[in-house]
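Work out the full structure: start from the sequences and follow the hints.
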Amino acid sequence: MRGETRLRELLTEIAPPPEVPEAQIDAARIALHAAYRDVARPVTHRRRWSLAGATAAIVVVVVAVAVIVPGSTPSVNASLAKIARATRALEAADLPAGHFVYSRLDRTVLNGRQIEAGAPESQYLLSETVDRWVQGAVEETTTTVRSATFFDPDVEAAYYAAGLDIEDGVGETTTRRVSDIASVKDITKWSGDTSTLRRQIDTELATAIDPVLDEDIRTLRLVQELMDPRLNAPPALRAALIEIVGGLDVETTELADGSVQVAVEYEHPGIGSFLQELEFDSAGYLRVSRLIAIELEPALPGVPRRTVVDEAVWSRPSVVGAAGDLPKNR
Amino acid sequence: MQDTPSDGEAIRASLQRPEAFEPVFDRHYAAIYKYLVRRVGPDAGGDLASEVFTIAFARRHDFQPDADDARPWLYGIASNLARRQARTWRRRNRAGQRAAGGPAVWLDPAAEDRIHAGRVRHVLIRAISELRPNERETLVLHALTDLSYREVAAALEIPIGTVRSRLARARRQVRRSLMEAGHPELAEELADEGDDDEG
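So the protein sequences, as listed, match chains A and B.
1 is the number of the first residue of the first sequence in the working numbering; add one for each residue after it.
1 is the number of the first residue of the second sequence in the working numbering; add one for each residue after it.
Among the clues, some could well be false.
The calculated EDC-like cross-link candidates involving lysine to aspartate or glutamate, where the alpha carbons are at most 20 angstroms apart (straight line), are [stated by the list, open to error]: (1) B/K34 <-> A/D202; (2) A/K82 <-> A/D193; (3) B/K34 <-> A/E22; (4) A/K189 <-> A/E225; (5) B/K34 <-> B/E22; (6) A/K189 <-> A/E91; (7) B/K34 <-> A/E254; (8) A/K82 <-> A/E251; (9) A/K82 <-> A/D257; (10) B/K34 <-> A/E9; (11) B/K34 <-> A/D26; (12) A/K82 <-> A/D281; (13) B/K34 <-> B/D146; (14) A/K82 <-> A/E254; (15) A/K189 <-> A/D202.
FRET-style restraints, in silico, Cβ to Cβ [claimed, not checked]: (16) B/N80 <-> A/A89: 45 to 55 angstroms; (17) A/Q135 <-> B/D26: 56 to 66 angstroms; (18) A/A89 <-> B/H61: 40 to 50 angstroms; (19) A/A137 <-> B/E19: 21 to 31 angstroms; (20) A/D202 <-> B/P159: 57 to 67 angstroms; (21) B/D62 <-> A/T196: 37 to 47 angstroms; (22) A/A119 <-> B/A168: 19 to 29 angstroms; (23) B/P184 <-> A/E19: 33 to 43 angstroms; (24) A/A93 <-> B/D3: 48 to 58 angstroms; (25) A/T196 <-> B/R59: 32 to 42 angstroms; (26) A/G118 <-> B/E157: 27 to 37 angstroms; (27) A/P153 <-> B/N80: 45 to 55 angstroms; (28) B/N80 <-> A/G169: 29 to 39 angstroms.
These aren't lab readings, by the way, just hints derived from the structure by calculation.
Beta carbons: idealized from backbone N, C-alpha and C, even for Gly.
So, in structure tokens, the structure goes:
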């Protein structure tokens with residue numbers, strides 16, 4: 001034991017234990033909290049979702065899976081290239097001072113709740129509609145929780161008997177104002193040139209996103225974040241983002257209305273296997289994100305394989321004069 | 001009644017509530033950071049320490065259900081990441097792309113010149129760096145942390161007997177290198193009487 005002790009002493013002299021900078025702790029904690037959110041998003045949600053968190057970055061992607069939609073023509077990146085070209089030709093809309101970017105989000109997410117003490121959480125789907133008005137870092141939202149949908153009628157009966165629909169706010173509409181949307185990125189710093197944007201994304205990925213997932217997945221995740229209609233990305237940036245998606249290992253399907261669906265399957269270690277579907281419309285807007293849990297690890301009681309655990313459907317962004325205004329062409 | 005949950009309790013609770021994982025981070029981040037910085041330098045060490053916890057969180061289902069202390073598990077992840085980092089640097093060195101101003105990797109022989117130490121230390125570092133990888137990993141994990149033999153075994157997923165034999169061989173080899181380098185007095189200081197019976 002003497003030699004062992006002496007070796008420790010020598011190593012301490014050579015490489016003394018360092019101080020732990022507060023900044024390192026903070027950065028590590030932020031990364032860990034991002035991982036919490038990734039997990040919480042697909043499988044369990046508290047009664048009221050954080051709008052900023054809910055829409056900022058949806059869990060994501062890899063490996064190609066063919067998804068054949070009836071009436072659609074399967075193709076590979078050419079369909080995304082076509083949308084990118086059409087999008088790049090569009091003119092950027094002005095956002096006059098004092099105006100807001102409006103968008104609507106219809107979202108359905110798998111939600112978990114403990115209905116009886118000591119029992120495992122019961123799973124169900126909770127749907128809501130969110131109208132969002134954004135001006136800079138200020139966001140006002142009106143949220144209506146539309147419905148809860150159950151996999152098991154007994155769980156449904158117990159849920160209502162326990163009054164959990166009231167806790168979930170089913171049928172209620174709430175308005176809130178957030179004065180600093182921390183999750184919203186500064187859209188102006190991202191280039192509309194695809195090569196430059198790719199470098200920016202690589203730089204961002206090197207420091208900012210969950211390293212557990214494959215790089216293609218992390219790329220797609222960032223693309224989704226930048227495509228959030230709240231950011232109202234200009235056409236050149238949308239086009240560049242779509243071209244980057246087209247360069248990933250994804251399967252694309254052109255839909256009957258000219259939109260393109262991207263489908264990718266991926267493993268999230270410790271959580272399960274997922275299929276992510278995204279749909280870009282003909283003007284290069286992200287309109288649908290659909291996350292399907294192929295298999296969860298461990299399985300959640302009552303949740304069938306291939307359940308859609310998170311679906312978001314966005315309107316295109318519109319410019320309106322005031323929070324609460326709706327676009328005239330709706 | 002405990003004020004804070006044990007590691008095992010926190011990890012099990014985090015299966016339902018991710019934020020329940022927090023005490024594991026609070027309790028062990030500093031030690032993991034120090035361990036990794038001592039192995040791979042402050043730049044990579046900081047990144048890897050963060051990665052240890054995101055990986056541990058992602059793989060929390062794998063945590064042994066009957067275990068309470070997360071340290072062996074976390075150090076096991078940290079050791080894997082440190083090995084991966086060292087491999088990356090070795091490949092880079094072989095390709096002649098050694099980065100100027102890179103981290104002070106005291107286990108990496110290519111970085112010896114960055115260590116401001118006297119000749120004896122230089123020789124000791126070389127001796128450790130020239131050990132077989134498995135023996136070096138075991139020796140370093142044991143020497144830089146407060147893990148017992150049993151916990152080192154759990155971290156590296158090897159039998160405790162293997163830990164003992166690797167450590168014995170590693171120390172013998174280090175002593176031999178010190179003797180050959182003309183430092184018999186230091187070699188003698190590192191000698192053990194009787195074998196290790198910890199654990």
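Going through the hints against the structure:
1. B/K34 <-> A/D202: violated (28 angstroms)
2. A/K82 <-> A/D193: holds (16 angstroms)
3. B/K34 <-> A/E22: holds (13 angstroms)
4. A/K189 <-> A/E225: Roughly 14 angstroms between the alpha carbons, so the hint for A/K189 and A/E225 holds.
5. B/K34 <-> B/E22: holds (19 angstroms)
6. A/K189 <-> A/E91: holds (19 angstroms)
7. B/K34 <-> A/E254: violated (52 angstroms)
8. A/K82 <-> A/E251: holds (15 angstroms)
9. A/K82 <-> A/D257: holds (14 angstroms)
10. B/K34 <-> A/E9: Holds, because 16 angstroms separates the two Cα atoms, which is no more than 20 angstroms.
11. B/K34 <-> A/D26: holds (15 angstroms)
12. A/K82 <-> A/D281: Satisfied, since the Cα-Cα distance of roughly 11 angstroms is no more than 20 angstroms.
13. B/K34 <-> B/D146: holds (12 angstroms)
14. A/K82 <-> A/E254: This hinted pair holds, its Cα atoms lying about 10 angstroms apart.
15. A/K189 <-> A/D202: holds (14 angstroms)
16. B/N80 <-> A/A89: 45 to 55 angstroms: About 49 angstroms separates the Cβ atoms of B/N80 and A/A89, which means 45 to 55 angstroms holds.
17. A/Q135 <-> B/D26: 56 to 66 angstroms: With Cβ atoms ~38 angstroms apart, the hint is violated.
18. A/A89 <-> B/H61: 40 to 50 angstroms: holds (49 angstroms)
19. A/A137 <-> B/E19: 21 to 31 angstroms: holds (25 angstroms)
20. A/D202 <-> B/P159: 57 to 67 angstroms: violated (43 angstroms)
21. B/D62 <-> A/T196: 37 to 47 angstroms: holds (41 angstroms)
22. A/A119 <-> B/A168: 19 to 29 angstroms: Roughly 52 angstroms apart at Cβ, these two residues miss the hinted range, so it is violated.
23. B/P184 <-> A/E19: 33 to 43 angstroms: The hinted range 33 to 43 angstroms holds for B/P184 and A/E19, with Cβ atoms some 36 angstroms apart.
24. A/A93 <-> B/D3: 48 to 58 angstroms: Since A/A93 and B/D3 have Cβ atoms about 55 angstroms apart, the given range 48 to 58 angstroms holds.
25. A/T196 <-> B/R59: 32 to 42 angstroms: holds (36 angstroms)
26. A/G118 <-> B/E157: 27 to 37 angstroms: 34 angstroms Cβ-Cβ, so the 27 to 37 angstroms window holds.
27. A/P153 <-> B/N80: 45 to 55 angstroms: This hint holds: roughly 47 angstroms between Cβ atoms.
28. B/N80 <-> A/G169: 29 to 39 angstroms: violated (45 angstroms)
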